[in-house]
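A.B. asks: Sequences listed follow chains A and B, in order. Residue numbering for the first sequence follows my numbering, beginning at 2 and increasing consecutively. Residue numbering for the second sequence follows my numbering, beginning at 2 and increasing consecutively.
Keep in mind that the hints were calculated from the coordinates and are not lab data. For clarity, every value in this text was computed on a predicted model and none was experimentally measured. Yeah, the Cβ is synthetic: ideal placement off N, Cα and C, and Gly gets one too. One or more of the hints may lead you astray.
Stated by the list, open to error - Capping the alpha-carbon separation at 20 Å, the derived lysine to aspartate or glutamate pairs in EDC-like fashion look like this:
(1) A:41 with B:362
(2) B:282 with A:39
(3) B:295 with A:27
(4) A:41 with B:276
(5) A:4 with B:284
(6) A:4 with B:286
(7) A:41 with B:286
(8) B:355 with A:51
(9) A:61 with A:77
(10) A:61 with B:286
(11) A:61 with B:294
(12) B:289 with A:51
(13) A:52 with B:358
(14) A:41 with B:284
(15) B:282 with A:8
(16) A:52 with B:362
(17) B:295 with B:248
(18) B:289 with A:27
(19) B:295 with A:51
(20) B:289 with A:39
Stated by the list, open to error - If you anchor each label on the Cβ, the simulated ranges turn out as follows:
(21) A:37 with B:394: 21 to 27 Å
(22) B:177 with A:22: 53 to 59 Å
(23) A:83 with B:324: 28 to 34 Å
(24) B:327 with A:2: 29 to 35 Å
(25) A:84 with B:248: 45 to 51 Å
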Amino acid sequence: MKKMQLEICCGTTCYMMGANRLLYIENEVPPELRGKFEVKALPCMGLCNDKNLSGAPYVKLNGIIIENATIEKICDKMRAMLDD
Amino acid sequence: MYSQLFVEMESFQFTKTGQAACGDDIQIKVLKDENRYLAVLSDGLGSGVKAHVLANMTTTMALRYLQSNMDTLQSVETIMDSLPVCEVRKISYSTFSMIDLRLGGITRIVEMGNPQYIQLRGTEEVQPLKHETIVSKHWPDRQVECYELKMIPGDRLIVSSDGVTQSGLGEGPQYRFGWRRSGEMEYARARISSNPEISSFSLARSIAYQAYGISKNTCKDDISCMVIYMRKPRVMRLLTGPPFHKDHDIDFAKCANLGEEHTIVCGGTTANILERVIDRKVEIDISKLRRDDKLPPAGRLPGVAMVTEGILTLTRVCKALEDSEPTDSLPETARKIIEMMKQHDKIEFVVGTKVNEAHQDPSLPQDLELRRGIIRRISSALNQKFRKETEITFF
Chain A
2 MKKMQLEICC
12 GTTCYMMGAN
22 RLLYIENEVP
32 PELRGKFEVK
42 ALPCMGLCND
52 KNLSGAPYVK
62 LNGIIIENAT
72 IEKICDKMRA
82 MLDD
Chain B
2 MYSQLFVEME
12 SFQFTKTGQA
22 ACGDDIQIKV
32 LKDENRYLAV
42 LSDGLGSGVK
52 AHVLANMTTT
62 MALRYLQSNM
72 DTLQSVETIM
82 DSLPVCEVRK
92 ISYSTFSMID
102 LRLGGITRIV
112 EMGNPQYIQL
122 RGTEEVQPLK
132 HETIVSKHWP
142 DRQVECYELK
152 MIPGDRLIVS
162 SDGVTQSGLG
172 EGPQYRFGWR
182 RSGEMEYARA
192 RISSNPEISS
202 FSLARSIAYQ
212 AYGISKNTCK
222 DDISCMVIYM
232 RKPRVMRLLT
242 GPPFHKDHDI
252 DFAKCANLGE
262 EHTIVCGGTT
272 ANILERVIDR
282 KVEIDISKLR
292 RDDKLPPAGR
302 LPGVAMVTEG
312 ILTLTRVCKA
322 LEDSEPTDSL
332 PETARKIIEM
342 MKQHDKIEFV
352 VGTKVNEAHQ
362 DPSLPQDLEL
372 RRGIIRRISS
382 ALNQKFRKET
392 EITFF
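For reference, chain A alone in the conformation it holds in the complex (with noise of 0.2 Å):
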């Protein structure tokens, strides 16, 4: 099975906002979901000034958006795309 794409942006305003946290999630997901994804840092995504999103940090799990991303938010969405 392909694993799952996760993309943590590394940009000033992310980083502050959690996304140092987040550059860890491999070490802090539970046993289910260990292995089925893969972690990839970038520079930046540009979003932090995008007016119609809420918030920093941003992630995108396979191309899709998470705002204000935390691992939970991340977990529960990649159980999401794993039930589907």
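Following the hints, put chain B in place on chain A, whose structure we already have.
C.D. replies: Coordinates of chain B only, in the frame set by chain A:
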């Protein structure tokens, strides 16, 4: 031939194990208008704070006398007469080396009690043009060695305290008399042979570490090594921040053409501009992340040495330069930027002036100063503390 030259003067020190302050002192002054480069290395009697005071008094006085072209003997006697007398040994004492390097002219070195300087042209030792020993009437037991030499482009001067040449003293038959000047010179020649462009800082640090290693990783004396290297200037360029007008993105990105080892990009949006222009992607290696790093990880992009986050990283670099923090304790990215700056003589900043509105969000947990201000502070610290030339271009 000499007008385009850069004189790189750097040093590295270890403090005697168990002491709070280094008993050696080094002071450097550049008189640009006179094309003169002055340096003094002094070793104060004993060790610790008392020795440091003696050494610091010596370097301060000697540098002033050098600058004012005072007679050598008079300078030396005044220094010796001025030093406080040690209550234990009942003598006032410091050893020193004074260097007055003149671009295109004669370089003069005055030594009292310090190991003799080493002049290397490539890996070959160069003998002085003239050598004279003077003995003071006030201090008949002190000999002052005066040398005149010619420095040409590519030459290096190595000046050390006896903590270098006497390192390892008594550590087995090889070091019955310590590392000695000959051992230090052989080591320097080997380092230059394997890396002919080695910077003054790297060579001074390498020699000091070798001396430290010979002493089985303890310092029985303060270890100081200064290297002066006359050569063509090395230029590096740091690009940061997107240009105010998007139309200028391509011209801005073209500034990253100085060569992979000489260019750094600081900023996510800045990196995005380069990605678009050269049609390649930044790759960030997160496998070696350290939780205590406190700065975003660096990335790789063809044609540049490193891509880092912008304002947090530059703020950390600025603080470290202003406070003269040791680089070993810095986060990886800030350490690499500062080390690269130290390896170069001229640092050109190419600064985009567009303000990221998201950085003005008051909920961000830390003050984010405007990029222009941080770059000016970094530039000023590099000028004043590290004698680097800098240039700032705004886009």
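A.B. asks: For a quick check of understanding: which of the numbered hints are violated here, in increasing order?
C.D. replies: Numbers 1, 11, 12, 17, 19, 21, 23, 24, in rising order.
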